[in-house]
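Chemist: Read off the chains here:
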Amino acid sequence: MFNFLKFQKLYFAISTIVIGFGLYSIVTWGYHYSIDFVGGSNIEYRSTKPLKSDLVEKIVKTEKGIINDISIVDTITIIQVQPLDEKQELKIRTSLEAQAKVKIELLRFETVGPTLGKETMNKTIIASILALMGILIYMSFAFKGLNFALAAILAMVHDFLVVIGSYSLLSHYFGAQLDTLFVTAVLTTMSFSVHDTIVIFDKIREYINTEGRGNIDYYANRALTETMVRSLNNSMTIVFMLLSLILLGGSMIKFFVLTLLIGTITGTYSSPFIATSILVWLEKRKNR
Amino acid sequence: MKQLKLFIIVALMAIIIWIDLPENFQIRFQIGKFKIDTKVNPLTIDWQIFNTNIKYAFRTHLGLDLQGGSHLLFETDTSKIKPEDLNDALASVRDIIEKRVNYFGVSEPVIQNIKAGNKYRISVDLPGISDVNTAITLIGRTAMLGFFEEGTDSAKIASSSPIFLRLTKDTGLTGKDVKKATVEFDSQSGKPQVGLSFTNLGAKLFGEITQRNIGKAVGIFIDQIPISTPTVQTAIMDGSAVITGNFTVNEAKKLAITINSGALPLPIKLIEQRNIGPTLGASEVKKSIFAGAIGLAMVLFFMIVYYKKLGIIASMALLIYGLLSLAIFRLIPVVLTLSGVAGFILSIGMAVDSNILIFERIKEEQRKGQKFNIAIRVGFGRAIDAIKDANITTLTVAFILFNPLNWEFLPQFGMVRGFALTLAIGVGTSLFTGVVITKRLINLFYKNTQS
Chain U
1 MFNFLKFQKL YFAISTIVIG FGLYSIVTWG YHYSIDFVGG SNIEYRSTKP LKSDLVEKIV
61 KTEKGIINDI SIVDTITIIQ VQPLDEKQEL KIRTSLEAQA KVKIELLRFE TVGPTLGKET
121 MNKTIIASIL ALMGILIYMS FAFKGLNFAL AAILAMVHDF LVVIGSYSLL SHYFGAQLDT
181 LFVTAVLTTM SFSVHDTIVI FDKIREYINT EGRGNIDYYA NRALTETMVR SLNNSMTIVF
241 MLLSLILLGG SMIKFFVLTL LIGTITGTYS SPFIATSILV WLEKRKNR
Chain C
1001 MKQLKLFIIV ALMAIIIWID LPENFQIRFQ IGKFKIDTKV NPLTIDWQIF NTNIKYAFRT
1061 HLGLDLQGGS HLLFETDTSK IKPEDLNDAL ASVRDIIEKR VNYFGVSEPV IQNIKAGNKY
1121 RISVDLPGIS DVNTAITLIG RTAMLGFFEE GTDSAKIASS SPIFLRLTKD TGLTGKDVKK
1181 ATVEFDSQSG KPQVGLSFTN LGAKLFGEIT QRNIGKAVGI FIDQIPISTP TVQTAIMDGS
1241 AVITGNFTVN EAKKLAITIN SGALPLPIKL IEQRNIGPTL GASEVKKSIF AGAIGLAMVL
1301 FFMIVYYKKL GIIASMALLI YGLLSLAIFR LIPVVLTLSG VAGFILSIGM AVDSNILIFE
1361 RIKEEQRKGQ KFNIAIRVGF GRAIDAIKDA NITTLTVAFI LFNPLNWEFL PQFGMVRGFA
1421 LTLAIGVGTS LFTGVVITKR LINLFYKNTQ S
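Taken in order, these protein sequences are the chains called U and C. Using the numbering used here, you'd call the opening residue of the first sequence number 1 and step up by one each time. Using the numbering used here, you'd call the opening residue of the second sequence number 1001 and step up by one each time.
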């Protein structure tokens, strides 16, 4: 048996650093919101000669446009950007004409509203909170006490913070956009997190049931030792799947899969190290 | 008895595989004299049972990103609205259209407000639906529900004139006071009708209206057209009413949808309708499916290397999981988008979890010195508790996110619900294959070792 709990301070230090960086990033840089949240502008040009996409990209960027997509088919150029006004569009057009030495005709300029309204987001948050309560109630019954449920939920909040924080970093450094896929990835992470924690808690519950309320430290370490292989193996299968999707899959879902990967890793990490540590701490407080 | 059981299992497997067959898959080969040149297609049901026609084609329903669909563009008439109310009105038109489309049974639509110059438009993208015209009329309907009673000036109108001409006084009760409209069937004639249940305020109003009109007619109007003019028998205080009329089931359904979603605050008209291609290239999808296949192969390889014989059993259970989930996706049907496909691929990774849990427990029992066949039984029993609790919590999450009671304050449509549905199917199916099927397979394969 390995004394996992000896390194509690280390676990909390790692988590604090990761979450700290993430929260710092959220506060200072925030996110790039995708068209799902803020809408965008679609511009369609016809030029006398085909345009080069890196030139279009450069010019749109100098006008402070955040590009979602540029597609150029022969002389037709379609630019999708975050909302622009008419003046910005005109500037882009004139500098394109000057630099590419072509004549450009504006075929279409329209601004599209968001598909994900504030209302939908608020409702999703309410639903998530209700789901948390549901988990709290069910676990309190299944594990005959509030401590198991609380520890599992705190670990889940931990994973939630890790995921939203690291996504803000991804957003800042690699231009990942906050979109509907991200919301799905966060929800997946949260359900995976509790799922994983319960497996360890089940072991601890079993010891308490068969051997009586004894030394919680000993039970926790024993449970961790016995479930470690299972936890790693299970996560391994998920990581295999996600890695192959990242390395070989399409580029559109890269950040989505990466978020799931981060979620899986933090979910696997938090169950033995964060959730169990919190449980031990709560149980000891109760017994005192 | 045993043979019957085996027969049922084989038959079920055959049906599932039949449902899962690829669509329009060309098979062409030759063995000696036999030439086979045929197109394979999944199961299609077209039965005539009594007088009802049951028709169902098991096909994969793909989302806009993978398959494309119909693009509808509506223009709003903003001439009669104050500029300061414009944004609210536009947002609400969009939400109402989304509700209608969802009630109509189209999942994963994309609905957006578009501003072009000073024109305000709403684009509605529907993933491959066959009945576009019905969708268009449904989206564009205004459906103002109104209740009218006999006006005080009715004395001027001859009492012999048709009853709806005498119903001139608006009671102030409208579709806004209706909590829910549902399609019902009359218990005597069996004809479809629309049942209304009012909000608290609506119930109070309706109670008062019926109270003062006992013995008189009250008219139910939709878009100023009288639909039914029942005579009030007693005061109705429980806040429910029915609209009868010569409806077909479909008409009743559409009426209920439009009442439920409320009236559009701005008039809209269709200005463009065309088919759109998938937003994601075929190569993008192919890549992801290829990646999924490689990932699956790695999972299977890992399981077999690590758990040997038990790993082979887990792999078989996993394959059955894949086939079964696909069949359920086609049965419901679930609209698959690229994120849905990614979620499904992820769920394959998660589906082996119950197996790993069980196998680790079995190994643990073996380490304690139990014989293999006893270890299997004990291990199963021990693992069940953890599997049960872990999966029930996940199902709880899925249940709340799916919002089956359609509560106002929870997501009522869109991607969160889609996610919850796929999650629930994944968990439910993996529970079945991971526990029940695995147990059967172990019994089957280890029969000889039992002593």
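Treat the hints as calculated values from the structure; they're not laboratory data. For each residue, glycine too, the CB sits at the ideal point set by N, CA and C. Just so you know, not all the hints are guaranteed correct.
[Unchecked claim] Covered stretches of chain C (chain U as the covering partner; in silico rule of three or more C-beta atoms under 8 Å from a C-beta of chain U):
1) 1057-1063
2) 1110-1120
3) 1178-1192
4) 1302-1308
5) 1353-1362
Chemist: Hints the structure violates: just list their numbers, smallest first.
Modeler: 1 and 3
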